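Trainee: The residues making up each chain are set out below.
There are 6 protein chains.
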Amino acid sequence: MAGKVKRFNEERERLNRIVLERDNLELKRFFALDQAAYRDGALDARTKELMGLAASLVLRCDDCISYHVLRAGEMGLTNEQFDEAMSIGLVVGGSITIPHIRRAAELWKEINNR
Amino acid sequence: MAGKVKRFNEERERLNRIVLERDNLELKRFFALDQAAYRDGALDARTKELMGLAASLVLRCDDCISYHVLRAGEMGLTNEQFDEAMSIGLVVGGSITIPHIRRAAELWKEINNR
Amino acid sequence: MAGKVKRFNEERERLNRIVLERDNLELKRFFALDQAAYRDGALDARTKELMGLAASLVLRCDDCISYHVLRAGEMGLTNEQFDEAMSIGLVVGGSITIPHIRRAAELWKEINNR
Amino acid sequence: MAGKVKRFNEERERLNRIVLERDNLELKRFFALDQAAYRDGALDARTKELMGLAASLVLRCDDCISYHVLRAGEMGLTNEQFDEAMSIGLVVGGSITIPHIRRAAELWKEINNR
Amino acid sequence: MAGKVKRFNEERERLNRIVLERDNLELKRFFALDQAAYRDGALDARTKELMGLAASLVLRCDDCISYHVLRAGEMGLTNEQFDEAMSIGLVVGGSITIPHIRRAAELWKEINNR
Amino acid sequence: MAGKVKRFNEERERLNRIVLERDNLELKRFFALDQAAYRDGALDARTKELMGLAASLVLRCDDCISYHVLRAGEMGLTNEQFDEAMSIGLVVGGSITIPHIRRAAELWKEINNR
Chain A
208 MAGKVKRFNE ERERLNRIVL ERDNLELKRF FALDQAAYRD GALDARTKEL
258 MGLAASLVLR CDDCISYHVL RAGEMGLTNE QFDEAMSIGL VVGGSITIPH
308 IRRAAELWKE INNR
Chain B
208 MAGKVKRFNE ERERLNRIVL ERDNLELKRF FALDQAAYRD GALDARTKEL
258 MGLAASLVLR CDDCISYHVL RAGEMGLTNE QFDEAMSIGL VVGGSITIPH
308 IRRAAELWKE INNR
Chain C
208 MAGKVKRFNE ERERLNRIVL ERDNLELKRF FALDQAAYRD GALDARTKEL
258 MGLAASLVLR CDDCISYHVL RAGEMGLTNE QFDEAMSIGL VVGGSITIPH
308 IRRAAELWKE INNR
Chain D
208 MAGKVKRFNE ERERLNRIVL ERDNLELKRF FALDQAAYRD GALDARTKEL
258 MGLAASLVLR CDDCISYHVL RAGEMGLTNE QFDEAMSIGL VVGGSITIPH
308 IRRAAELWKE INNR
Chain E
208 MAGKVKRFNE ERERLNRIVL ERDNLELKRF FALDQAAYRD GALDARTKEL
258 MGLAASLVLR CDDCISYHVL RAGEMGLTNE QFDEAMSIGL VVGGSITIPH
308 IRRAAELWKE INNR
Chain F
208 MAGKVKRFNE ERERLNRIVL ERDNLELKRF FALDQAAYRD GALDARTKEL
258 MGLAASLVLR CDDCISYHVL RAGEMGLTNE QFDEAMSIGL VVGGSITIPH
308 IRRAAELWKE INNR
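Residue numbers (my numbering), protein chains in the order written: chain A, 208 to 321; chain B, 208 to 321; chain C, 208 to 321; chain D, 208 to 321; chain E, 208 to 321; chain F, 208 to 321.
Since the hints were made in silico from the structure, they are not lab data.
Please read all numbers here as calculations on a predicted model, not as lab measurements.
Every clue listed holds true.
Below are the SDA-like pairs computed for lysine to any residue, each with C-alpha atoms no more than 25 Å apart in a straight line:
1. E:K235 <-> B:I318
2. F:K316 <-> F:E220
3. E:K235 <-> B:E287
4. C:K211 <-> A:R214
5. E:K213 <-> B:L314
6. E:K316 <-> F:D269
7. D:K235 <-> D:R221
8. C:K316 <-> C:R214
Bound-form chain A, shown alone (with noise of 0.2 Å):
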């Protein structure tokens, strides 16, 4: 049963709904500027889901790394790329990543089993 990613959609929704509330400009702009990061371009979508996933990793922000996790799995990340990954945030960030890559591979678990 998918209880940590529904519980994760369900407050990262219901705290961005405070958030754009707030109806700032600014944090608006930020937000389309983050999410135009990702689109496909001259790199592919899902090359950049991975370059955010590292970036997560090393930068070790749980959220942001279930995010990429989450997105990089829709986009058909298989199992062995998905180990790949981690060993690059891995190696970048060092053993200080450790704990996030247990709870990584805890959520990549569960989306596995649905």
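Dock chains B, C, D, E and F against chain A, hints included.
Mentor: Positioned in the frame of chain A, the structure of chains B, C, D, E and F alone reads:
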């Protein structure tokens, strides 16, 4: 003339020699892991370089950025792809990455004028 | 009902007591320096809280962000000023700060509905 | 009652099993390197745990701090030594480490009341 | 004589030209957002510069610190205010910021001897 | 010839003088706390230097690394101990620390050829 690239490579090799002369097992094992992480596998080497580049940008390490820019350039990264890679780093990591993007753009310009 | 603020303050006080019970001179001297840094001086206390908030946002420390948001709220920070403070943190620190901005916005909403 | 320690250890083991089930060579090699780094050598294991603790504190990773506090406790770290270790983390890493020091002090208190 | 300021400004402009020559929409949109964040609004521009300075100090970005020190100086920051800004950065970010505070103090001295 | 060490010490002293000339109470109190943290106590000064070195490595501050390497060298750190200290920093902090390890190894080589 490739001044920046040449200086970067020479300094990197000079200092790497000093590290390797130490002949320390753990450092060498880490260096081996580091190289292995970027090899063609379930993800291709070019995607991995871009992930390393994104991670280096948000961690704001000039030497690491230069290294991955040079590697990605050798693997055929286009001008548009370079810009998109910089954009992801900038959006994830914020304006604090701009000084590094400036220097990466200078290096990229030199590479492409060769 | 002020659930989030109350829980934050109670947990903070409970843990602070545990630290202070240790009765360690260096920790107490640091805490004294920390308090002194935010006092009215050549810069007024409210400006200093905003500086502390910006620093906490880009370092992505939820407890620190919550603390400075609460303090700035007590000092009369307006809704528009809150948004501008978040924007600076977001632009300097990048999308990696967004999960923290979401939680700060939730806390801010609760404060202002009291 | 050892609630915090027990929960930490159980969660850590549960998630470690998920990572190890992946049976990925690079992750396992990194984990082996990680363990090797803290073994008695030219520097004794206790000094290495303290170095790991200081590094974890300034990088603000609660799981890593908890792990090294527990390990150092098993190796006979005294109350005074705990305080001095926290002080180094606090001075190097700044007030942004305080929320982590609070939680480390809570864990330490539990360990010593066992 | 204003050696440090002049060199900083010239290098910054030279590299900015290289980035802007790329004529990339996303980079330009981010740069526009960055400028907008520091404009007079509900918070005045000087407060915002101080927030940018505090954020830059704790993120330890020399170029960013120099930029905000120069801007704040142009906006009439006094000697005492400069010290208090440094103190907040130092307390929040710890001794790891000291090398940057040293260089900021050198720049500040040059600005004020002009 | 001790070029690197000499330059490092001279630049550090020159800039420290500029900071101390400011005669600011809070900065001086922080500097006093900083010195106190590394004094012999329940933990000996050499262990504390190694903790400071590990923290500096994972935070990737060249000036701080150089300072602690020099201090640890004066306290009799051996070649093997230097390698093990670097390994801990590398494993905790990841490949992003490698450029700093290279420069630390260069400094260490100079110290030991004196």
